[in-house]
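Since chain A is already given, all that's left is putting chain B on it; use the hints.
Number of protein chains: 2
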Amino acid sequence: MLTYNLKEKDGPLYKSLYENIRSDINRGILRCGDKLPSKRTLARNLGISIITVEKAYDQLIGEGYLYTLPQKGYYVANTVLMQPVFPSVPAPRIINRTREKEKADFDFSSNMIESNCFPFSIWAKILRETISMKERELMTNPPCNGIYELRSAIAKHLSGFRGMSIDPDQIVVGAGTEYLYSLLTKLIGENKVYCIENPGYKKLKSIYELNHNECRLVSLDEYGIRMEELRDCGADVAHISPTHHFPTGITMPVSRRYELLAWANEKEDRYIIEDDYDSEFRINGNPIPTLQSIDTGGKVVYMNTFSKSLASTIRISYMVLPPELANKYYEKLAFLACTVPTFEQYTLAEFISRGYYEKHINRMRLYYGRKRKRVLDIIRSVFREDQCRIIENDSGLHFLIELNTEVGDAEIIRRLQEQGIRIGSVNDCDMEGKSGKSGTFIINYSNLNVDCLEEAVLALKDASLM
Amino acid sequence: MLTYNLKEKDGPLYKSLYENIRSDINRGILRCGDKLPSKRTLARNLGISIITVEKAYDQLIGEGYLYTLPQKGYYVANTVLMQPVFPSVPAPRIINRTREKEKADFDFSSNMIESNCFPFSIWAKILRETISMKERELMTNPPCNGIYELRSAIAKHLSGFRGMSIDPDQIVVGAGTEYLYSLLTKLIGENKVYCIENPGYKKLKSIYELNHNECRLVSLDEYGIRMEELRDCGADVAHISPTHHFPTGITMPVSRRYELLAWANEKEDRYIIEDDYDSEFRINGNPIPTLQSIDTGGKVVYMNTFSKSLASTIRISYMVLPPELANKYYEKLAFLACTVPTFEQYTLAEFISRGYYEKHINRMRLYYGRKRKRVLDIIRSVFREDQCRIIENDSGLHFLIELNTEVGDAEIIRRLQEQGIRIGSVNDCDMEGKSGKSGTFIINYSNLNVDCLEEAVLALKDASLM
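Residue numbers (our numbering), protein chains in the order written: chain A, 13 to 478; chain B, 13 to 478.
Next up, chain A with everything else stripped away, as it sits in the complex:
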């Protein structure tokens, strides 16, 4: 009979009993096949309750130390297999995070927004109302492409703001454009050739390659992507940002848009991905019609995000699929759960449909217009007219400054880095790795602290001197 001295002060009795028996098995005192006393017998022997014994036995069974035979009792299991196996080569234990991007004191390259620009009080108010009014909806799994209220609000916004006529069922809401790109490649098919603009947004290439596609780079003329190169490169899909190209700022005229659509219509499997990432911040004139709105062949996938117009950290983007791809989406990918929390979806839907989003954009457009002017004034007060040229365009949250300098881009970037200032050059966006002199730098002004700007611009000027 097993006899242990169980003390309440060592914790729950069943746990002590469990540990004692386990230890006896591990030390070979109890051996494979040995029969244990019945619960009743052991309980009586130890002066404890049957329930306590039962809990200990159950735990030992769960962990594989004991097994039961019906109508017979409890037996010690074969525990030879229960010894840990040590691998011949010890696994590494140290985690090396790749060096995070060092924090810069002043960052001309940041694409975040100033935290005082986010409409916190309205957002908090709507969120509070949502939580108190929509308990049931918040706990209900949304459709794969997002709640109807949000898609409908987006469709209405696009109709008013971009003249686009869209069925909310064409819209897929997801946790960021990167996620949506990877969904999209599964719809369009993988092992395709994607053409991306060069210079351009480098991350795109990494994302398409990560998703099993080949990327071809096509250069730009003053109207955007060169059609001849596009034709020659054998692309199936062209990823374009016609409203405001990064980094050059080019806006593609309507004529080139029609040429692009004509190209897409030549073959059945060709598509255009229209990346409209900061179209809300066109400063002058009316916006040019989107490719999506002049597409008669169902060739354009329109992509946009609330990262620029609201905040990148709320992680909501969407794509508008042409009907054929939308049908394919419902057939093939509807089993994947929507990646955006219902809390954010309902809040954003209300935020848009009550008109706050439009107000916010209008406010931000004025704000950015003024800020852009202040930034330009400061630059012009530091540089003489012959020392730099501002490459402005009517749209978006960045512009270019071309310095009249003999110093290479990399050297200027290095010199500024030493002072805690981060800046990117157009050369950095060249994916063919041309390292020739450009002298042209990107000023992302949405997150710039204007109060320290003069100092940073002076440093840029100093860095550009031989």
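One or more of the hints may lead you astray.
Because identical chains share one entry, a pair is satisfied inside a single copy or across any pair of copies.
[To be verified] In silico DSS-like cross-links for lysine-lysine, where the CA-CA straight-line distance does not exceed 25 Å: (1) LYS115 / LYS344; (2) LYS215 / LYS383; (3) LYS214 / LYS198; (4) LYS27 / LYS137; (5) LYS115 / LYS340; (6) LYS214 / LYS67; (7) LYS67 / LYS47; (8) LYS344 / LYS204; (9) LYS371 / LYS27; (10) LYS215 / LYS320; (11) LYS344 / LYS51; (12) LYS27 / LYS51; (13) LYS115 / LYS320; (14) LYS385 / LYS67; (15) LYS137 / LYS84; (16) LYS371 / LYS137; (17) LYS385 / LYS47; (18) LYS320 / LYS146.
Hints in this document: simulated from the structure, not taken from any laboratory.
Below, chain B without anything else, positioned relative to chain A:
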């Protein structure tokens, strides 16, 4: 000289001017290469301001109708290319959403939680505090794997709750396990053979296949996955839910766990994915150590989610990578933005670290324990003992009911469907499509409405009668 009769009542003057000129170009009155009057001349001629003319010209340039030659003036562009191209085959216009799962009046298969179980008031309180205290942090892009505060809170929770010793840098937070699986396949490498448990969670197969992997099915004995079949199937990766297998409810004993680890250690590229999806709701005894905590070879990726323990709609899951894969993650995938909004991340971090999560789990465990008992009581009051067998296990949010019936599963499911009742059978989870008689149905009780349960159980009984 262009002369138009512009009227303020038709809207902004620049817009009327723009429309008049565009119309003249489209009708061929103005032709490719024609020179337009200077801004000053046209303004004087029409009796409007230079700025108005400038706005109209800018819009026309933007849209590609005009171009400028420096020092010379404005010219009409070649607009032949600006005509819409119509595809030879008209694109489909109708969107057919695949029939959404019809809403059932009573659903034994729902994996959602009751909305009154979510801790709305505490969540709302912490969210409100987060918004008022952390404006700057909320607007700052989080690290790729989630904010440190959340990962650190998770690591601490796993240490206390599961005895796991983890560096927060091993943790990757993402918008749902489906998203994390697709990330993981990019780390482990694609075109691998994944072994999944059969019967099991069907979606897994779809997800791994969507991510370019082959799936092999391995059947189970009473201790979980059969080791011999695993060895024979040539798998590189085994996806296992050892704490509580769906649907059988099997808990894998420690001995089988060590066997699994031994298998993984035999080859360098072998891994085990440990899916611990509802381990929080073990009802009796202590939890068995996780595979992750007894893994000495860096072979186990631990996955868990807040979908069961908090709500599936907040879309937060996490994985714990062994150091080698963590390093690979930082090297290869750190460029991808974290998919969870900062609002949710900070709120959840506080929720856990202030002890609310543990309290919530304890409360829910009691609640589910009681609910499970009520559900079982109702089932036992409707069925005679010889009419059904309850296959209970100590853990999780579902159990099985085996009916003593000659009616096939599909027929029972169909009969219930007609009455608006949804139920799934263990056969449905068989991915080899064996359609033999099982008579065993899955009772997910977390979202059941106990008040209508008796009626639904009676319907189940009726449906099982010949």
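For each hint, the structure was consulted:
1. Taking the shortest Cα distances, LYS115 and LYS344 sit within 25 Å of each other only across copies (21 Å), while inside one copy they are farther apart (42 Å).
2. In this assembly of identical chains, the alpha carbons of LYS215 and LYS383 never lie at most 25 Å apart, being 28 Å within a copy and 50 Å across copies at closest.
3. Taking the closest pair of Cα atoms, LYS214 and LYS198 come within 25 Å of each other both inside a single copy (21 Å) and across two copies (20 Å).
4. In this homomeric assembly, LYS27 and LYS137 never come within 25 Å of each other (Cα to Cα): the closest approach is 50 Å inside a single copy and 38 Å across copies.
5. In this assembly of identical chains, the alpha carbons of LYS115 and LYS340 lie at most 25 Å apart only when taken from different copies (23 Å versus 43 Å within one copy).
6. In this homomeric assembly, LYS214 and LYS67 never come within 25 Å of each other (Cα to Cα): the closest approach is 59 Å inside a single copy and 34 Å across copies.
7. In the homo-oligomer, the alpha carbons of LYS67 and LYS47 lie at most 25 Å apart inside one protomer (18 Å), although the nearest pairing across protomers, at 95 Å, exceeds that limit.
8. Taking the closest pair of Cα atoms, LYS344 and LYS204 come within 25 Å of each other both inside a single copy (18 Å) and across two copies (22 Å).
9. Proximity of LYS371 and LYS27 under a CA criterion of 25 Å is satisfied inter-copy only: 23 Å between copies versus 63 Å inside one chain copy.
10. Taking the shortest Cα distances, LYS215 and LYS320 sit within 25 Å of each other inside one copy (17 Å), while across copies they are farther apart (34 Å).
11. In this assembly of identical chains, LYS344 and LYS51 lie within 25 Å of each other by CA distance neither inside one copy nor across copies; the values are 55 Å within and 55 Å between.
12. Taking the shortest alpha-carbon separations for LYS27 and LYS51, only the intra-copy value of 15 Å comes in at or below 25 Å, while the best inter-copy value is 91 Å.
13. Taking the closest pair of Cα atoms, LYS115 and LYS320 come within 25 Å of each other only inside a single copy of the chain (21 Å); across copies the shortest separation is 37 Å, beyond that limit.
14. Taking the closest pair of Cα atoms, LYS385 and LYS67 come within 25 Å of each other only across two copies (19 Å); inside a single copy the shortest separation is 74 Å, beyond that limit.
15. With identical chains, the CA atoms of LYS137 and LYS84 are never at most 25 Å apart, being 65 Å at best within one copy and 56 Å at best between copies.
16. In this assembly of identical chains, LYS371 and LYS137 lie within 25 Å of each other by CA distance solely inside one copy; the values are 16 Å within and 28 Å between copies.
17. Proximity of LYS385 and LYS47 under a CA criterion of 25 Å is satisfied in neither setting, with 87 Å inside one chain copy and 32 Å between copies.
18. For the homomeric pair LYS320 and LYS146, the shortest alpha-carbon distance between copies (20 Å) is at most 25 Å, but the shortest distance inside one copy (28 Å) is not.
When the structure is compared with the earlier hints, violations turn up for hints 2, 4, 6, 11, 15, 17 and for no others.
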